[in-house]
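Asker: If you want the building blocks of each chain, they are given just below.
There are 2 protein chains.
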Amino acid sequence: MPERAVQDFYADDLAWCYGCGRLNQEGFQLKTFWDGDETVTRFTPRPYHIAIPGYVYGGLIGSLVDCHGTGSAAAAAYRAEGRQVGEGPAPRYVTASLRVDYLKPTPLGVPLEVRGRIKEMKGRKVVVEARVIADGEVTARGEVVAVQMPEHFAGKTTNREARP
Amino acid sequence: MPERAVQDFYADDLAWCYGCGRLNQEGFQLKTFWDGDETVTRFTPRPYHIAIPGYVYGGLIGSLVDCHGTGSAAAAAYRAEGRQVGEGPAPRYVTASLRVDYLKPTPLGVPLEVRGRIKEMKGRKVVVEARVIADGEVTARGEVVAVQMPEHFAGKTTNREARP
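Chains C and D supply the protein sequences, listed in that same order. Residue 55 in numbering that gives the first Met the number 0 sits at position 56 of the first sequence, with consecutive numbering throughout. Residue 28 in numbering that gives the first Met the number 0 sits at position 29 of the second sequence, with consecutive numbering throughout.
Bear in mind the hints are in silico, worked out from the structure with no lab data behind them. Mixed in with the good hints there might be a few duds.
It does not matter which identical chain is used: a pair holds within one copy or between any two.
[Claimed, not checked] Think about it this way: if two alpha-carbon atoms lie no more than 25 Å apart in a straight line, the pair counts; the simulated SDA-like pairs of lysine to any residue are:
1. K30 with P110
2. K30 with R45
3. K103 with G122
4. K118 with D11
5. K103 with V144
6. K124 with G135
7. K124 with P106
8. K118 with V146
9. K103 with A14
10. K103 with V146
11. K121 with I132
12. K103 with P149
13. K118 with R140
14. K118 with D100
15. K121 with E25
16. K30 with D100
17. K124 with V109
18. K118 with D12
Please take these sequences and the hints and turn them into a complete structure.
Answerer: This is the structure:
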């Protein structure tokens, strides 16, 4: 069975994220897959996702790390319960903190790969390390502290006005 | 004289950033101003800049902190030289590291303010602390380590293919 993207199993009400919501037509629709013991997301920035000419905008790189972090956390939660991704609903994580170290400029115009490793998993918290790879080189490293979404956040999902 | 935005004085070749480049028609065109000893950037996220319904996408918040950080660093460099923003060309800083702590969900649909303080300035490096404020509440805190752009990055500015 080919690996499935964790974001494809977020509940509809929680699938609007600009970075990784499959229902957000304006967004990036990032997809996080298992690849052995690592997780992977791929994305090719658009020409206007520029920082200085020739290089990718750092805020976009942060966005990739962010959504790959929460997606990896959800994938890890599946695995911790002995489930494959897609066997039952995906747990939804949100970001408590994001850190990105920009090691060198990331070239624009090539596909980027973000690879993640689960550094720590404790209770509702998952810490994910990520590296951003362009043309085979690691250009940035990141760390996301993801926390399973508190129940009271979900109350907002009835706020349809906020939707695109 | 009203304060002027530092991004309005970036050289044309360095004014394409998706976050804060005045020439990037697809981007956010963020503007950083002095406000006393703090710097400020304001931005109202669009409806599709959603995380979970009702709240702003964390990657966008990271982007605001990122560009406000480099803009604040440039503003600080003007001030350190006894210049007003716009008195001569703006120095261009890039991000070495970005950290964002998401303290609470940031409501979507209201203007956001990012306020910065210069924490450290040493050689080519400026450390900027930032807080993101929505409806009078601080919803996120960030820190940017900004470094004045190395000369060799500028070689890429002749790469017109990379432009939007």
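Asker: Against this structure, judge whether each hint is valid.
Answerer: Outcome of the hint check:
{"no.": "1", "hint": "K30 with P110", "verdict": "within (14 Å within a copy, 30 Å between copies)"}
{"no.": "2", "hint": "K30 with R45", "verdict": "both (17 Å within a copy, 23 Å between copies)"}
{"no.": "3", "hint": "K103 with G122", "verdict": "between (35 Å within a copy, 19 Å between copies)"}
{"no.": "4", "hint": "K118 with D11", "verdict": "neither (29 Å within a copy, 42 Å between copies)"}
{"no.": "5", "hint": "K103 with V144", "verdict": "both (23 Å within a copy, 14 Å between copies)"}
{"no.": "6", "hint": "K124 with G135", "verdict": "neither (31 Å within a copy, 28 Å between copies)"}
{"no.": "7", "hint": "K124 with P106", "verdict": "between (33 Å within a copy, 23 Å between copies)"}
{"no.": "8", "hint": "K118 with V146", "verdict": "within (14 Å within a copy, 29 Å between copies)"}
{"no.": "9", "hint": "K103 with A14", "verdict": "between (32 Å within a copy, 20 Å between copies)"}
{"no.": "10", "hint": "K103 with V146", "verdict": "between (29 Å within a copy, 12 Å between copies)"}
{"no.": "11", "hint": "K121 with I132", "verdict": "neither (28 Å within a copy, 30 Å between copies)"}
{"no.": "12", "hint": "K103 with P149", "verdict": "between (36 Å within a copy, 11 Å between copies)"}
{"no.": "13", "hint": "K118 with R140", "verdict": "both (13 Å within a copy, 23 Å between copies)"}
{"no.": "14", "hint": "K118 with D100", "verdict": "both (17 Å within a copy, 18 Å between copies)"}
{"no.": "15", "hint": "K121 with E25", "verdict": "neither (34 Å within a copy, 40 Å between copies)"}
{"no.": "16", "hint": "K30 with D100", "verdict": "both (22 Å within a copy, 24 Å between copies)"}
{"no.": "17", "hint": "K124 with V109", "verdict": "neither (33 Å within a copy, 29 Å between copies)"}
{"no.": "18", "hint": "K118 with D12", "verdict": "neither (29 Å within a copy, 40 Å between copies)"}
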